[in-house]
Amino acid sequence: MAKLNMVQALTLAMDQEMERDPAVVLLGEDIGPDEGVFRVTAGLWQKYGDERVIDTPLAESAIVGTSIGMAFAGLRPVGEIQFSGFSMLMVAQLEAYASRTRSRTFGRWTAPIVIRMPYGGGVRAMEHHSESREATFAHFPGVKVVIPSSPRNARALLAAAIRDDDPVVFMEPKRSYRAFKEEVPDEPELIPIGRAQVVQEGADLTVISWGAMMRPTLEAVEMVQLERGASIEVIDLLTLAPLDHTTFVESVKKTGRCVVVQEAPRNLGIASEVIALLNEGAFFHLEAPIRRVTNYDVITPYFGRELMYIPSVGRIKRGIEETLDT
Amino acid sequence: MPQKEILQFSVSRLEILDAEGNLDADLDPRLPDEKLLALYRGMKVGRAADARMLNLQRQGRIGTFAPCTGQEAVSCAAALAMSENDWFVGAFRELGGRLMRNEPFWQYLVYHNGFEEGNAGHESGRTLPFSVIVAAQTLHAAGVAYAMKYKNEKAAVVVFFGDGATSEGDFHEALNFASVYKLPVVFVCQNNGWAISIPREKQTNSRSLAQKALAYDIPTVQIDGNDALAVYREVRRAIERGYEGQGPSFIEAETYRLLMHTTADDPRKYRTDDEVECAWKNCPLVRFKRYLEDRGIWNDEREAALDESIKQEIDEQVRIFESRRDFKNDALFDNVYSTRHAIIEEQRAMFHENLTLERHNG
Ligand SMILES: Cc1ncc(C[n+]2csc(CCOP(=O)(O)OP(=O)(O)O)c2C)c(N)n1
Ligand SMILES: [Mg+2]
Chain H
321 MAKLNMVQAL TLAMDQEMER DPAVVLLGED IGPDEGVFRV TAGLWQKYGD
371 ERVIDTPLAE SAIVGTSIGM AFAGLRPVGE IQFSGFSMLM VAQLEAYASR
421 TRSRTFGRWT APIVIRMPYG GGVRAMEHHS ESREATFAHF PGVKVVIPSS
471 PRNARALLAA AIRDDDPVVF MEPKRSYRAF KEEVPDEPEL IPIGRAQVVQ
521 EGADLTVISW GAMMRPTLEA VEMVQLERGA SIEVIDLLTL APLDHTTFVE
571 SVKKTGRCVV VQEAPRNLGI ASEVIALLNE GAFFHLEAPI RRVTNYDVIT
621 PYFGRELMYI PSVGRIKRGI EETLDT
Chain V
5 MPQKEILQFS VSRLEILDAE GNLDADLDPR LPDEKLLALY RGMKVGRAAD
55 ARMLNLQRQG RIGTFAPCTG QEAVSCAAAL AMSENDWFVG AFRELGGRLM
105 RNEPFWQYLV YHNGFEEGNA GHESGRTLPF SVIVAAQTLH AAGVAYAMKY
155 KNEKAAVVVF FGDGATSEGD FHEALNFASV YKLPVVFVCQ NNGWAISIPR
205 EKQTNSRSLA QKALAYDIPT VQIDGNDALA VYREVRRAIE RGYEGQGPSF
255 IEAETYRLLM HTTADDPRKY RTDDEVECAW KNCPLVRFKR YLEDRGIWND
305 EREAALDESI KQEIDEQVRI FESRRDFKND ALFDNVYSTR HAIIEEQRAM
355 FHENLTLERH NG
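If you're matching them up, the sequences are chains H and V in order. For the first sequence, our numbering begins at 321 and goes up steadily by one. For the second sequence, our numbering begins at 5 and goes up steadily by one.
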């Protein structure tokens, strides 16, 4: 057991998976001697060498396209896109090949690749460095989308993603990279992909979120609980595609009220899909309209204004209070 | 049937003013004094502005940025070779050139302080905003050039990108497009030796970057990118070729990124201090100053006066930058689309309500 931040936990997951399975290789820009611009591959090039930690030329489509080829031939590539803003350059490979290879060949060929990328705002980064486009990837059938929220679940989910037989887009909330530490067991640990986690149980309302929004969400929940004595259930989605609708539908059937918190723009986000599924599965148990606390449908603001647009603790808290009061 | 050679290619390298200040007089573009002085001033302004930005960044008064120190000759001499009608399409390491194109420094600072207002540019400029997505701007340059040709305008497009950018698909697509349609594009590759931590030798197995243009039958040359005279000469020639309908040109300008990739980068993780120290000896400003002195148009007194005037100019720009406080919180809602839409306006109202409540609740 060691106390690790999310960066260290992700490094641990890759290190242990590389030790376990020689088919696992890493590829990406500046992941070798530089150890990744966020140091997520710290020490791995030193330990595993050039052949397994591949410092690629500057080309995102190449990172994903060659990953697909490596996977066809039996490797387990883990690609890093330096920032999610640059992931759009590899979408053709992801959508046209990785996502549908299993389907179009009836399983004869598969593309078990992991594409890691830091995403999200709040760190005063340059333009194109703060987007939250998880819904874009989740919209491609065949692609799994995973977003951890803490060091421990980051480690367990990344290990599971590397062992998964499907393409996984693994989005890392960079705002949480070094925000806090958590005990992470030394022994490899897995969290099954496709399962949400009930972080805390409650009776009056369900709050659903994921990624970097989990921290402000938990803070807001605690304040409402203290101030009003309300009992609130909190769900961390962890996997955004395919969604674990059973977990949140059952929860809302029990509580009758729900708020979904999302860092991404409002339009066609994961929150929209969660609410649609709740409409189908829990409508007759609802005691209030489901609220969503989200960013707005604007171009991701450059850092001067970003904190006015990303859901804050105060906004999340008001969303919860208003839903309790309806 | 015997195999026979059908094509032959070669790449040449040009240097006019070397690091020691030796001049190849035959190749000297013989610029008039006032142009030489403008070029020197431009490079010095670029250098000083970069240094000021480092200060501002360390004090938290601006955010992360990509320093340009050491690369001034490329964008400044190119800017000098361009007319106002030509298009300047940059990436993110052309500070000196942008300022010579009359982009206000204060606006550059506004951008780097996290406000999109800094991208608004000045009135009639044919200078495109920053392009953070590596190599994407090379395709825009080809498109602009197509439009210039279509409209029969006498204008060329000078596009800048790094050594790393030559690995992206967009770069190759741009070269091909420009060559197929014989477009007036000047591709200027700022080969500064590094793409973050990846050295030039690991970025590509090609022996030069200039040769990449040969695959598209684009005339190409490698030059010493710290030699402002060579940059000027080649960019000017390429622009003229563009005007004459002879299509694109490619220039690999070898230079060096003397500072960090961005202020968030630690270059000591991947390169030696020795290498950097050596590269400082090739500084483009030092040799150019010597050239001016040899021509008898420069001395220490003038240098001191120039430094003072640049300092005042930069101080003034920083003052304007710091006095700008008129950023609308809801500015992001203004330009989502060309026209207003109810759903966006409802969100704007929600945004204001949220901000008010936020303030109210402290
Ligand atoms: C498409 C894309 N991928 C990755 C990045 C991250 N990144 C920014 S600059 C850079 C290196 C660029 O190297 P080069 O083209 O040589 O330009 P230089 O920074 O040396 O001026 C990288 C990888 C980016 N901005 N855009
Ligand atoms: Mg470079």
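These are calculated hints, taken from the structure and not from any lab test. Treat the hints with care, since some could be wrong.
[As the list claims (entries may be wrong)] Distance condition first, Cα-Cα at most 20 Å in a straight line; then the derived SDA-like pairs of lysine to any residue: (1) V:Lys293 with V:Glu24; (2) V:Lys332 with H:Ala596; (3) V:Lys315 with V:Lys332; (4) V:Lys273 with H:Gly394; (5) V:Lys206 with H:Asp370.
_Check whether the Cα positions of Lys293 of chain V and Glu24 of chain V lie no farther apart than 20 Å._
holds (11 Å)
*For the pair supplied as a hint, Lys273 of chain V and Gly394 of chain H, is the alpha-carbon distance within the 20 Å limit?*
Between Lys273 of chain V and Gly394 of chain H the Cα gap is close to 33 Å, so the pair fails against 20 Å, i.e. violated.
*Does Lys332 of chain V pair with Ala596 of chain H here, judged by a C-alpha cut-off of 20 Å?*
violated (35 Å)
*asked:* For Lys206 of chain V and Asp370 of chain H, compute the direct alpha-carbon distance and say whether it is at most 20 Å.
replied: Roughly 12 Å separates the two Cα atoms, so the pair holds.
*Going straight from one Cα to the other, do Lys315 of chain V and Lys332 of chain V come out at no more than 20 Å?*
The given pair, whose Cα atoms are some 31 Å apart, is violated under the 20 Å limit.
Going down the numbered hints, you'll see the structure goes against 2, 3, 4, while the others check out.
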